[in-house]
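**Student:** Chain by chain, the residues:
There are 2 protein chains.
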Amino acid sequence: MASAKGYAAQNETSGLAPISFDRRTPRPDDVSIEIDYCGVCHTDIHFVQNDWGVTEYPVVPGHEIIGRVTAVGSDVKNFKEGDVVGVGCMVDSCRSCKACEAGLEQYCIEGMTATYNGEDRHDGTITFGGYSDKVVVSERFVVKVPEKLDPAAAAPILCAGITTYSPLRHYGVKAGDKVGVIGMGGLGHMGVKFAKALGAEVTIFTRSESKVGEAKKQGADHVVISTDESQMEAAAESFDFMLDTVPVQHDLNPYLNCLKVDGTHVIVGLLEPVDPALEAGNLVFKRRVLAGSLIGGMPETQEVLDFCAEHDISCDIEMLDMKNINTAYERMKKGDVKYRFVIDMKTLKDD
Amino acid sequence: MASAKGYAAQNETSGLAPISFDRRTPRPDDVSIEIDYCGVCHTDIHFVQNDWGVTEYPVVPGHEIIGRVTAVGSDVKNFKEGDVVGVGCMVDSCRSCKACEAGLEQYCIEGMTATYNGEDRHDGTITFGGYSDKVVVSERFVVKVPEKLDPAAAAPILCAGITTYSPLRHYGVKAGDKVGVIGMGGLGHMGVKFAKALGAEVTIFTRSESKVGEAKKQGADHVVISTDESQMEAAAESFDFMLDTVPVQHDLNPYLNCLKVDGTHVIVGLLEPVDPALEAGNLVFKRRVLAGSLIGGMPETQEVLDFCAEHDISCDIEMLDMKNINTAYERMKKGDVKYRFVIDMKTLKDD
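Just so you know, the protein sequences line up as chains U and A, in that order.
Taking UniProt numbering, the leading residue of the first sequence gets 1, the next gets one more, and so forth.
Taking UniProt numbering, the leading residue of the second sequence gets 1, the next gets one more, and so forth.
Bear in mind the hints are in silico, worked out from the structure with no lab data behind them.
Just so you know, these numbers come straight off a predicted model, no measurement behind them.
There may be inaccurate statements among the hints.
Any copy, or any two copies together, can satisfy a pair, since identical chains are not distinguished.
Result set (EDC-like, lysine to aspartate or glutamate): computed pairs, CA atoms no more than 20 angstroms apart in a straight line [claimed, not checked]:
1) K77 <-> E101
2) K196 <-> D312
3) K98 <-> D177
When you get a sec, could you build the whole thing from the sequences and use the hints?
**Tutor:** Here it is as structure tokens:
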């Protein structure tokens, strides 16, 4: 065991505050990491507030972790002290089911072990995340950060990035495809960058006229105001692929109507019942596809980092001092961030 | 114009009764057909009753038509007098959009012209279907019936058959795949035959214990009683593909839960809002696909007839005298038919 510092919530209403806790004693396949940066994902807020009723307190959030290797176990082959590395949303899985064998550990039949609020598969303890000075993670769930990437701006690639990259790749989005990106937050703005890098013609769907300028700045070729029925009607049957990053309930039907025959709408943010109801006819009459996608597997998480280095893609971030995390949460709830807060972990050490 | 005999409903409550009406004067690309058999589809009942609020009376239903060519227009290349032919759910489309060019006329951007209750693209008249002694149809929308097939039992292939065959092929169902077929009516029993012919391991999902014997007789390898929670739980995450033929609202979530990672659930019967609500998490957490499919295009409609001939597949039918059509509808509403009524059109001539 090694003592670690971090920020944790102790209950639904406490907010995040400094904590000291134990990191596990490294196992032979473990990489010990000193954390430099940690992105702040909306999921963190859900866990801190226990919105999904599954939070185990104290919870140390954070699953967009960038740091440097300080030590490696005897079985570790691919990392050495000093490497700049990343840890995303998961830190373990069964490693032997079909999904794991295919490098799709996020779909592990036994369930992936989440980076925080997960149950360690060996000792049953609850995992703690990246709002901390250090973390110990099995080699398989650690990725290399290419030198070319700014490490702070790379942090959100480990969740917001891979979550949008994976479905674009899985469904083979390619040059010339017409892609719609619904929502322009941390996920949406990454989706635009990836779709553009893949050669697609990209339209951002946003509810607000005020975001048009920003959408264009992000690289969108077109913007559709989704609250404007005439604009939505004009967009009917014209898209090959829709990347839906909206994390709250919304009407899918007007977006499905924007898809061509055989078009695909992928949900990456919505985890609740679909309301208003999905109209089955919107799928049947044009052979459309509605699908879901969850982050990405470890090989693809490495791939997206390499893709970002190759295509000079990074997340737009606002640096955050650890002690301001609760204020940041309040701003995020109002959508007041472009587009991701990243905690500078030096500010934890200074606490 | 040529006078035709048939059975039509005159309003929502009249039931079907004999009618004389005009068939169009054949155009150069038209095939004139004397009808021998016409399958009775549940859609016919919806139109007769105006369940969807779009019926134009009088309506002559019927879109599973088998007959013999009596004459061909000067531009007709592929048919000659005496050929045994079929006409399915559509008789025209724009023929120039991407879907039409791909042989997916059912997804025509201007909308396909339905075999009955459709609007003729040339003269604006309302189309009349196959409960009749003759029909005149453009060559492109006529298919050849292989000699090996029993013409009466082939009729339902033109709707119930192609509707289930098309998604199985589109999603590449193959030997060894685990396929679930939900519902065991006209569509479901054809789906089982096709999936078996493609080499899949087939499970029928039915609500009733009483159908187990019949399901096995149809060739199903396994039967799951969908109302039995323990059976549904045992089936979790084990299917590659689900063919959902249920034409009324039902809970999709327990079936989605039966799909493996990357599994696909295709709706072919449900055209209404999905209720109870679709749980988005059921798609996201396993990268599952929910899709729709509508009949099949003309090349594939020919393909399914040839496939049936090759694999010795036909629909299980009960022959029907034209005058008993209203009684047949009542029996269909109670699910009392194995599995498709087919009208022997000689009995119309005898009327």
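**Student:** Taking the hints in turn, state whether each one holds.
**Tutor:** Tested hints:
1. For the identical chains of this complex, K77 and E101 are intra-copy neighbours only, at 19 angstroms inside a copy versus 54 angstroms across copies, given an alpha-carbon limit of 20 angstroms.
2. When the C-alpha separation of K196 and D312 is checked against a cutoff of 20 angstroms, the pair qualifies only within one copy, where the shortest distance is 12 angstroms, while the shortest distance between copies is 50 angstroms.
3. For the homomeric pair K98 and D177, the shortest alpha-carbon distance between copies (15 angstroms) is at most 20 angstroms, but the shortest distance inside one copy (31 angstroms) is not.
Checked against the numbered hints given earlier, this structure breaks none of them.
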